[in-house]
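Student: Residues per chain are reported as follows:
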Amino acid sequence: MFRKLHESDRGPVTIEIDGEIVPAEPGESVAAVIMRASAPWARLTPNTGSKRAPYCMMGVCFDCLAEVDGQSSVQTCLVSVRPGMRISRQAGKRRI
Amino acid sequence: MNADVIVIGAGTVGAAIGYGLAGRGERVLVLDGGDRDVRAANANFGLVWLHGKGMDMPAYYFLTRNSVDAWQGFAEELAETTAIDLQYEHDGGLVLCLGEADFEERRSSLLRLHNQLEDSSDPDWEMLDDGAVRALLPGIELGREVSGASLGRRDGHANPLRLLASLQAGIVRKGGSLRGGSTVHSVEAQAGGGFTVGFGSEKLSAARVVIAAGIGSTALARQVGLDVPIRPQRGQILVTEKVMPVLPLPTLDVRQTREGSIMIGATHEEVGLDCSTTSEAAAVLSASALRQFPGLRDVSLVRQWAGLRILTPDGFPIYAESETHPGAFVALCHSGVTLAAFHAGILADCIAGGQLSEELHVFHHRRFDVPKAA
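In order, the protein sequence lines correspond to chains Y and C. Per my numbering, the very first residue in the first sequence carries number 1; after that it's consecutive. Per my numbering, the very first residue in the second sequence carries number 97; after that it's consecutive.
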């Protein structure tokens, strides 16, 4: 759906999204990587279970929430990638 | 005359009265203010609550109990009329106690209230030790300080925004009229009886008028001989992200909505007509919620809002008819959700019949006209 307009000149890192190993550019947000993944959505809404993808990319809309390294409801547009990060798309209401 | 009754205010109180009047065949016109007006009805916590209310004012306890007991039927009728589910649940409500002293204080306070009622029936609350509370709330971690709770058997909660929307829709469904953007500035008695109500450049008339304009009521009520002493009191509320159901019963300050959000309330601040939110309040409310429910520590807050309660000097409602201008009524309270069934029921009956019943006279604001000690 989305692709990068440039090739990174920095060494690529990889992160894992629901088990899929995807390349990422150092310094970019997790949300940006999710948008280039084969399924470019981040979460299912708590009430109707519909899909939500990153939208505002600036920490306002909360549509990019996903589980990052075991922590749920992380705004992935505000988190930069780290090598080996494990992302899970978030389904429905959070468990506490 | 444009209507039998004009209700000034379409918040939870005015809309409930208007809905009740419309259902009694009155030609009712309900006037709502502007979008930017101060609106307690948009900031409500949503409890339908009895236990602990009415200290030193047994009539308020019984008024509240009647309303709570009527709530299920009221909610069902509203849902039938408007197809809006109020999400009313009434499996009981808790007030958690922190430490032994707090527990004993809660017990003795509730006992004192019960004794004031001179009511032969058993209390509708009980004290639960911490084990019993933990058994009632198995899905959430309780704080180490939690020593027990009082459980009000009749208590519950509902969605206050759905209630408001449903009441307003119900007014129209039952044949009444509802006009928004109509902030009233004048109420005048007409020479031949009845009242003229002015808003914007318009004037409409009715045989009776009910002032239920929340914090804006003082200036209107004064025009028809009702001098109501009320003040705003700010309450701030926090709302979390939606989580799986963990809290089957509401507490006085933490409840989980049907959709999964956890609401955390509420501050009591004397700051005048200031509806802003503060980070201090967010810190205080979060800390208090975590002492009760440390399991909430990782849950994200997604909203914070503030509303202004309509408070009288003793905290109890004002229901009164003007002596100088019969047919002009005022209805003011801060528990508009709990009392909605009463407002749409008995109070609407009284206003349709033209006078407040004797049991309601105790709620007249003349109770504040006591000489001050020198």
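Where hints are given, some of them may not hold.
[Claimed, not checked] Derived contacts from chain Y toward chain C, CB cut-off under 10 Å, selection only:
#1 Gly11
#2 Gln71
#3 Arg95
[Stated by the list, open to error] Simulated crosslink set (SDA-like; lysine to any residue; CA at most 20 Å straight-line):
#4 C:Lys338 x Y:Arg95
#5 Y:Lys51 x Y:Phe62
#6 Y:Lys93 x C:Lys338
[Claimed, not checked] In silico contact screen, one side only, chain C against chain Y (beta carbon under 7 Å); selected entries:
#7 Glu241
#8 Val335
#9 Gly356
#10 Ser382
#11 Leu386
#12 Gly391
#13 Leu397
Quick caveat, the hints were computed from the structure, so don't treat them as lab data. Beta carbons: idealized from backbone N, C-alpha and C, even for Gly.
Student: Decide, hint by hint, whether the structure agrees.
Tutor: How the hints compare with the structure:
1. Gly11: For Gly11 of chain Y, the interface hint is violated, since the closest Cβ of chain C sits about 33 Å away, which is over 10 Å.
2. Gln71: Since the shortest Cβ distance to chain C is 8 Å, the answer is holds.
3. Arg95: holds (5 Å)
4. C:Lys338 x Y:Arg95: holds (9 Å)
5. Y:Lys51 x Y:Phe62: holds (13 Å)
6. Y:Lys93 x C:Lys338: Given that 20 Å is the threshold and the Cα spacing comes to 6 Å, the pair holds.
7. Glu241: violated (20 Å)
8. Val335: violated (13 Å)
9. Gly356: holds (5 Å)
10. Ser382: Because about 15 Å separates Ser382 of chain C from the closest Cβ in chain Y, which is outside the 7 Å limit, the hint is violated.
11. Leu386: This interface hint is violated because 12 Å lies over the 7 Å limit.
12. Gly391: holds (6 Å)
13. Leu397: violated (11 Å)
Hint compliance for this structure: hints 1, 7, 8, 10, 11 and 13 are not met, and every other hint is.
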